[in-house]
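2 protein chains.
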Amino acid sequence: MWNLKLSESEPVYRQIVKYIEERIRNGEFPPGIQLPTERKLAELLKVNRSTVSIAYDELRSKGLIRSRQGSGTRVSEDAWGLDFRAPDWAGYLAQGAFQPTLPMVRRIWEENRKSTNINLARGEMSSELWPSEHLRVLAAHLSPRLQLGYGDPRGEESLRAAVSGHLAAQHAIQVPENRILITAGSQQGLLLVIQSLLRPGDAVALEKPSYAYSLPLFASAGIRMFPIPVDEEGLIPDEVIVLHRRHKIRMVFVTPTYQNPTGTVLTSERRQRLIEICADLRIPIVEDDAHGDLTLDGSPQPPGPLASMQGAEHQVIYLGTLSKTFAPGLRVGWMAGPTSVIERIAGVREQMDFGISGITQAIAEQVLKSDLWEQNVKRLRSALTRRRDRMVGVLVGYFGDELDFDVPRGGYHIWVKRQQPFRDQELVETAIRNGVVVVPGSIYGAEPGFVRLTYASSPEVEIEEGIRRLHDAFKRG
Amino acid sequence: MWNLKLSESEPVYRQIVKYIEERIRNGEFPPGIQLPTERKLAELLKVNRSTVSIAYDELRSKGLIRSRQGSGTRVSEDAWGLDFRAPDWAGYLAQGAFQPTLPMVRRIWEENRKSTNINLARGEMSSELWPSEHLRVLAAHLSPRLQLGYGDPRGEESLRAAVSGHLAAQHAIQVPENRILITAGSQQGLLLVIQSLLRPGDAVALEKPSYAYSLPLFASAGIRMFPIPVDEEGLIPDEVIVLHRRHKIRMVFVTPTYQNPTGTVLTSERRQRLIEICADLRIPIVEDDAHGDLTLDGSPQPPGPLASMQGAEHQVIYLGTLSKTFAPGLRVGWMAGPTSVIERIAGVREQMDFGISGITQAIAEQVLKSDLWEQNVKRLRSALTRRRDRMVGVLVGYFGDELDFDVPRGGYHIWVKRQQPFRDQELVETAIRNGVVVVPGSIYGAEPGFVRLTYASSPEVEIEEGIRRLHDAFKRG
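Here the protein sequences come in this chain order: A and B.
Read in order, the letters of the first sequence correspond to residues 1 to 477 in my numbering.
Read in order, the letters of the second sequence correspond to residues 1 to 477 in my numbering.
Treat the hints as calculated values from the structure; they're not laboratory data.
Watch out, some of these pointers could steer you wrong.
For chains that are exact copies, the list does not tell them apart, and a pair is met inside one copy or across any two.
[Stated by the list, open to error] Straight-line alpha carbon distances no greater than 27 angstroms define the calculated DSSO-like cross-link-like pairs of lysine-lysine that follow: (1) Lys114 <-> Lys475; (2) Lys208 <-> Lys248; (3) Lys369 <-> Lys40; (4) Lys5 <-> Lys46; (5) Lys248 <-> Lys18; (6) Lys417 <-> Lys62; (7) Lys417 <-> Lys248.
This structure is a prediction, so every number in the text was calculated from the model and none was measured.
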């Protein structure tokens with residue numbers, strides 16, 4: 001935006017007019033969007049304010065922009081009805097059924113990309129943790145019999161067999177490959193479940209807080225979300241009965257192990273109870289197990305996934321992914337569920353994207369069939385343990401008892417509560433001004449006062465400085 | 001007992017299943033108890049015996065009841081330990097908002113996979129045309145600086161730059177990389193456009209016939225489709241005015257070059273006229289150019305894409321793909337449009353799948369930046385030319401003037417009309433029984449009498465035998 005290179009062959013004000021006109025016309029500056037103040041634009045372009053004044057005057061006289069006391073200068077609502085014939089893109093942008101990422105989440109992600117900021121926000125492993133060399137070696141040894149056609153919409157049979165073996169070995173989940181579908185990651189798994197099995201108006205229950213509240217996926221499909229309260233042992237199963245009585249719950253979404261954002265582990269007893277309740281009420285469960293393998297060194301092994309429990313094969317759709325345990329950029333995950341469900345979802349998949357590349361499927365198959373995955377998770381766990389210990393240490397050092405938190409036993413995140421109240425929006429902005437990016441709890445549907453801090457995403461050496469900057473931000477905020 | 005009141009809001013068999021299930025569950029029908037025979041229950045409920053049959057079948061498949069010769073039908077001994085508390089999956093499968101592939105299309109695709117059948121159906125290059133060796137070499141030389149994180153939802157900047165260069169060099173389409181978004185192929189491009197820019201009830205216009213009628217994508221989003229009539233020069237632009245007056249068209253979908261299934265090329269004059277009309281009516285155009293590069297040897301160069309025409313940058317969303325010119329299994333395509341549209345769609349993308357793998361993006365970048373793509377398309381064009389010539393030859397040889405068709409100048413398909421009437425469903429089945437798979441025109445919304453024959457998809461040596469089998473099928477059908 002505003003990459004206007006001024007030439008000397010034309011009056012500057014006219015170049016500004018043309019520049020803005022062009023962008024209104026091609027839809028880049030849609031009707032209603034705010035333009036910079038005259039002073040700001042003058043600074044940006046390093047020209048006199050009066051030059052911008054003249055340009056804005058001309059645009060106003062053409063009816064392309066409007067200025068109003070208090071609300072600044074904006075592109076006219078009817079700008080496109082004027083002197084050109086582009087479609088009313090702004091109308092289209094506003095109306096589409098599917099909703100984009102929340103503005104605050106987008107802002108956080110964009111700030112994360114700036115190298116001057118320390119990223120304690122995004123649930124993504126730091127690039128120093130990527131298994132780049134392993135992947136390059138695997139890519140260099142692809143079979144000559146690579147699948148380069150459209151392939152099976154459930155994913156290649158050999159990869160599904162490898163996933164089946166992986167689930168049996170790692171999680172005691174017994175599923176044959178015809179009950180498995182390869183996804184581009186857990187989030188696409190969620191999308192497919194929602195679009196294939198639910199309809200607008202359906203009620204679903206999910207932990208509150210949950211990262212799922214930050215996803216417009218549910219709202220885009222017209223799904224109503226009802227919160228299941230949680231404590232330090234995870235969600236309270238009996239609350240599902242209460243919700244069902246009131247709202248007729250059609251599906252339960254749950255992250256039993258290293259829940260995101262709270263990091264809790266649902267106890268064995270509660271897992272059992274949840275399965276029982278949902279069986280009684282005949283409510284299907286979608287289990288997200290993205291972080292389940294990331295038990296930190298020295299922590300107890302968590303209970304097995306819901307999908308490994310007796311009877312669960314009829315009621316649980318299980319979502320797994322390589323994004324948190326291997327590399328998000330591979331874009332490979334999986335779903336296990338009843339055969340009829342997998343087939344229905346494969347039919348939808350075929351309409352959406354025909355599945356993921358045969359090349360990444362072949363690579364993922366090698367990762368899962370060799371001991372590479374296990375080696376890598378071992379390495380990751382110790383790296384994450386070191387990072388968690390460091391973050392816990394500096395949190396205590398800087399904040400003392402200003403912050404409350406449980407030391408997480410697995411996953412990527414520490415879920416902290418600050419004693420002194422603060423406003424989320426303000427915290428985000430003050431933190432960014434201090435060069436650190438964090439996610440406030442409200443994004444995940446939490447009550448006020450929480451922040452999710454990620455020890456996985458920044459370079460390890462930056463964790464301390466990140467917490468120092470956050471401490472600074474809180475002091476100022 | 002059996003005080004079942006049948007309602008009209010649900011299939012009768014399902015009401016019977018529910019009724020019995022409920023009673024087994026609450027103990028009213030204990031394990032081992034005998035149930036009425038099918039005939040008896042049918043009399044009792046005044047329904048068809050076949051309805052009871054279906055209900056009993058479903059209960060049997062759930063393991064809830066057992067039928068044995070001589071001892072009739074009983075509740076299973078272990079029914080209480082079984083899965084009768086599983087969710088009502090059938091209900092979920094039936095209700096999901098997103099629709100799967102059409103049953104006839106699925107059947108055709110499944111038959112295609114059988115090695116005994118000759119595939120003249122699927123719009124996919126034969127595996128002998130895959131650039132497997134090139135891809136393996138590229139995969140063996142991935143950069144150590146591979147993107148393995150979540151990356152930019154629009155796709156990596158370097159790949160978008162490569163696409164920008166490709167579009168300029170091959171099609172005289174001038175788009176900077178911020179107006180480009182990487183997709184997993186044209187169909188995902190369509191999905192993203194539909195989900196991001198349209199809402200239920202919107203009317204769109206598209207050629208009739210068009211492969212788009214075979215896609216439940218539109219119906220899943222609640223979009224109404226209105227046909228634009230075509231002749232041998234492609235769609236008739238002025239018909240858009242008529243449709244708009246009647247239905248308020250929100251978007252036009254068009255495949256100007258080597259249209260699928262008809263193979264027509266829209267003339268320059270009509271392209272100009274379509275752009276003018278849509279500019280006047282301010283209707284955005286989605287241009288699918290999947291086959292545009294596949295001009296067969298000796299055929300005239302088609303006019304440039306709509307997106308290359310003056311003024312089109314404000315009104316055309318252009319869809320391109322490597323699926324038809326390189327390999328479908330790479331799952332890489334692109335979309336070019338106004339910046340604000342690309343950004344809106346990137347936001348939706350982020351919610352759906354976070355984009356495609358960094359590995360396939362890196363490979364696609366190398367394909368487009370080197371001369372590999374151009375070399376490969378050259379090779380493909382001569383292979384496709386040979387295949388078309390062979391198919392045209394044997395069609396004339398076997399059918400004489402029983403079939404009418406224009407010799408295609410590009411793409412994958414011959415669109416034939418049979419003089420003698422036939423029923424589509426019957427043709428498909430007879431052909432399959434004869435060991436050849438073809439797609440009847442009705443799938444694409446055509447009037448009766450048409451068949452789409454693909455010369456790209458089977459091994460070249462099988463084309464003649466495929467046509468011979470089709471001839472046989474017609475003789476018998």
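Consistency of the hints with the structure:
no. : hint              : result
1   : Lys114 <-> Lys475 : within (23 angstroms within a copy, 69 angstroms between copies)
2   : Lys208 <-> Lys248 : within (18 angstroms within a copy, 43 angstroms between copies)
3   : Lys369 <-> Lys40  : neither (58 angstroms within a copy, 40 angstroms between copies)
4   : Lys5 <-> Lys46    : within (11 angstroms within a copy, 80 angstroms between copies)
5   : Lys248 <-> Lys18  : between (45 angstroms within a copy, 18 angstroms between copies)
6   : Lys417 <-> Lys62  : neither (48 angstroms within a copy, 48 angstroms between copies)
7   : Lys417 <-> Lys248 : neither (33 angstroms within a copy, 53 angstroms between copies)
In terms of the numbered hints stated before, the structure departs from hints 3, 6 and 7, listed from lowest to highest.
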